[in-house]
Amino acid sequence: MQDSNNHVTRMSSHPIRDQAASTLLSELVAHLREHRTDLRQEWAQRITKARLLTAMSEDEVFTEATAVYDQYVEALETGTFEALQAYARNLSERIIPRGVETDEVVGIVLLLRDVLARSLFAKYQHDFAKLNRILDAYEPAANRIANTVAVGFVQERERIIREQQEAIRELSTPVLQVRERLLILPIVGAIDPQRARQLTEQLLHGIRATRGKVVVMDLTGVPTVDSSIANHLVQTVEATRLLGATVIVTGLSPSIAQILVNIGVDLGKMNTVGDLQGGIEQAERLLGYKVVQITLQDETRPG
Amino acid sequence: MAWPSVPILKEGDVLIASIQSALTDLDLVGLRDALVTQVSTYRTRGVIVDVTALDVVDSFASRTLRDLAHMIRLRGARTVIVGIQPDVAFAMVQLGLTLEDIPTALDLEEGLAYLGAR
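Protein chains in written order, with the working numbering: chain F, 49 to 351; chain E, 561 to 678.
By construction, these hints were calculated from the structure, which means they are not laboratory data.
We put the beta carbon where it would ideally sit given N, CA and C, even for glycine.
A hint or two may mislead.
[What the hints assert, rightly or not] Quick list of simulated restraints, FRET-style, between CB atoms:
1. E/V616 <-> F/Q246: 18 to 26 angstroms
2. F/G127 <-> E/V616: 27 to 35 angstroms
3. F/Q203 <-> E/E571: 36 to 44 angstroms
4. E/Y602 <-> F/S276: 47 to 55 angstroms
5. E/D615 <-> F/Q246: 39 to 47 angstroms
6. F/P302 <-> E/S600: 25 to 33 angstroms
7. F/E141 <-> E/G676: 32 to 40 angstroms
8. F/L224 <-> E/V616: 40 to 48 angstroms
9. E/L586 <-> F/P222: 42 to 50 angstroms
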């Protein structure tokens, strides 16, 4: 009985409370609009004083502060965060390359929240009950705004980091054409499973794209690999043969050689040469190239 | 006997079987028999099987291709498999299907060059 009673009260109190809250919010928004210049000024000063956004000039900080302030008030008024979110992402895109850190962005949004809260304290200091109600309306919205901006910034940063990782990964296994139908694949540094997969993919597609016939895979820069990676490399060599190309492996370290022997590689299938130079020379022989040194004596003689 | 689903073309003394779409096991066996039969008809020196259109080469297909190559060798000609896609190649190797003693080439042009060179 009491339960249902409670239920009824709660149900009926909702619209009233919402209405009261929205009245308070619009009063709040009116206040923030009225004091826009002072509050914005104070916020910008607090930002400078707290040594946030040091990568930006004072004018820039003020311009951005103005835009954020207006977006902030609008988000408070409308209760929708899409515009603010889009703005936060756009802002992040502009300031991340200049080295602005996450703590700075979170810091400035929290500062704005504080500046506005202070102004509310000052305005309603004589009416404590009303101040409480205003803060009830203000705090959740303000926190959500802070959240939105911070999350937008972090997401943008993560996106940039993902892009960079992708770029680094692609650069880490370049397939280079040194002559018609001759590719080299220099590998430097440790090979993890993901890099191994990518290496295979880039090599096989590179062979198809450039119509490669001989590939020199240079492992001089790889100190050691574990047996699963070694196995993967052997499989890559076999897959390359299925495409009609030949792999010459060069620069195998003693440790890799030992692992390849341990996993029982069929040496008939592996074409290995000591160093990169030897590998390229053999590849040229396979392709029918002959490199001849020309005598420059006549051409370099002065006059 | 059903009409073979893979057209076999004669180019000089080379037979070219160009697979156009995914094949059933039965189609593959049909292709194998047709090629092995036709090798002697035209005094063929080489056979090229173009698998560019295949997205999957399973163990049956790979064994049939190997048998085909061996049978054609016994009949006095050579076989080249051309056009294996990069992803298919790696998947095959992972399944242990490496077509060990069968010549392979990048595409039809390379396959013809391979047969012409020897």
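Evaluated hints:
1. E/V616 <-> F/Q246: 18 to 26 angstroms: Holds, at about 22 angstroms.
2. F/G127 <-> E/V616: 27 to 35 angstroms: violated (54 angstroms)
3. F/Q203 <-> E/E571: 36 to 44 angstroms: The hint (36 to 44 angstroms, Cβ to Cβ) is violated, given that F/Q203 and E/E571 are roughly 58 angstroms apart.
4. E/Y602 <-> F/S276: 47 to 55 angstroms: Given range 47 to 55 angstroms: holds, Cβ gap about 48 angstroms.
5. E/D615 <-> F/Q246: 39 to 47 angstroms: violated (21 angstroms)
6. F/P302 <-> E/S600: 25 to 33 angstroms: violated (53 angstroms)
7. F/E141 <-> E/G676: 32 to 40 angstroms: Once the Cβ atoms are compared, 57 angstroms apart, the range 32 to 40 angstroms for E/G676 and F/E141 is violated.
8. F/L224 <-> E/V616: 40 to 48 angstroms: Given about 31 angstroms between the Cβ atoms, the range is violated.
9. E/L586 <-> F/P222: 42 to 50 angstroms: holds (45 angstroms)
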